[in-house]
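A.B. asks: Under this note's numbering, residues -6 to 276 are what the sequence shown spells out, in order.
I should point out that these hints are in silico values taken from the structure, not numbers from a laboratory.
Note that the Cβ used here is the ideal one computed from N, Cα and C, for glycine as well.
Careful, some of the hints might be misleading.
If you anchor each label on the Cβ, the simulated ranges turn out as follows [said to hold, decoys possible]:
id, residue 1, residue 2, range
1, Ala113, Gly58, 44 to 52 Å
2, Asp121, Gly153, 42 to 50 Å
3, Lys185, Arg131, 24 to 32 Å
4, Pro233, Asp255, 17 to 25 Å
5, Ala122, Ser168, 15 to 23 Å
6, Lys218, Ala113, 21 to 29 Å
7, Arg60, Asp264, 19 to 27 Å
8, Lys268, Lys32, 21 to 29 Å
9, Ser259, Gly130, 41 to 49 Å
10, Arg60, His263, 32 to 40 Å
11, Gly219, Gly78, 39 to 47 Å
12, Ala88, Asp229, 18 to 26 Å
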Amino acid sequence: MPRMFSSMRLALALVGLALSACSKPSAPASSDPDRLQGKLVVTGSSTVAPLAAEIGKRFESLHAGVRVDVQTGGSSRGIADARQGLADIGMASRALKPEEADLHGFAIARDGIAVILNAANPVATLTDAQVVAIYTGRIARWTEVSGNDAPITVVNKAEGRSTLELFLHYFKLESPAVKAHVVIGDNEQGIKTVAGNPDAIGYVSVGAAEYSATHGVPVKLLPMKGIAASIATVKDGSFPLSRPLNLVTKAEPAGLAKAYIDYARSPAVHDLVEKLYFVPLEP
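Could you put the whole structure together from the sequences, leaning on the hints where they help?
C.D. replies: Structure (structure tokens):
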């Protein structure tokens, strides 16, 4: 009997060694780019999300074992999710703040923020002071800025959106001072709201607005300080309100996350950046 148990133990030990060998992890993904596999969760800015998703689709086509899951929710979510480990990569449509120095940011494109009106609105330009007066309720009718005899519908971004933060910072406004009639989340919602209301005013991504305006959506972009709001002026640096579009990680990226970020920052995706009306990074 003892010999039988001894033989059984030996056999079990050999099986265990075999199973252990079979379950050993494969080489890290970064050591062999052709064998990348796994799932990346990318969350945050609704401005960055369409670009991150398009890049993700192309990245997946190059690596059959990879899936890139892009979710929106605003730049604040992207920062928080990256910091808390709820996402592999966060998205932020702004530069990182000093208090976010613990994070790593990687710009993949540039964009601007434009004030938009319905295309039927006869107002062609507004000064910064007029925009401030409209958003604080001191100008309440379009006749006060040479427009139609109608009340102004003020469309504002929801808290946690980087577009709101940049808008407030540029116009030197505090959030409680804004007298909004409609609060929206992503760029698409803002564009639809203004397109559907001839008396509305809002502000969204230059890229998103220019794309919509050139594809039949009845909105127009207002110049700022005499500079046209366009991809061209964001690209040449003359438009006064522009921003980087960032991917954010908690630690220095490695493996699959690094491969995706490197690809998103490469010339291989410049056509996707331009397709979505953003400005590619200079080589």
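A.B. asks: Evaluate each hint against the coordinates.
C.D. replies: For each hint, the structure was consulted:
1. Ala113 <-> Gly58: 44 to 52 Å: Since Ala113 and Gly58 have Cβ atoms about 51 Å apart, the given range 44 to 52 Å holds.
2. Asp121 <-> Gly153: 42 to 50 Å: The hinted range 42 to 50 Å is violated for Asp121 and Gly153, with Cβ atoms some 24 Å apart.
3. Lys185 <-> Arg131: 24 to 32 Å: holds, 27 Å
4. Pro233 <-> Asp255: 17 to 25 Å: violated, 31 Å
5. Ala122 <-> Ser168: 15 to 23 Å: holds, 19 Å
6. Lys218 <-> Ala113: 21 to 29 Å: With a Cβ separation near 25 Å, Lys218 and Ala113 satisfy 21 to 29 Å, so the hint holds.
7. Arg60 <-> Asp264: 19 to 27 Å: Holds, at about 22 Å.
8. Lys268 <-> Lys32: 21 to 29 Å: holds, 25 Å
9. Ser259 <-> Gly130: 41 to 49 Å: Distance hint for Ser259, Gly130 holds at roughly 47 Å.
10. Arg60 <-> His263: 32 to 40 Å: The hint (32 to 40 Å, Cβ to Cβ) is violated, given that Arg60 and His263 are roughly 24 Å apart.
11. Gly219 <-> Gly78: 39 to 47 Å: holds, 46 Å
12. Ala88 <-> Asp229: 18 to 26 Å: holds, 19 Å
Of the hints listed earlier, those the structure fails to meet are numbers 2, 4 and 10, in rising order.
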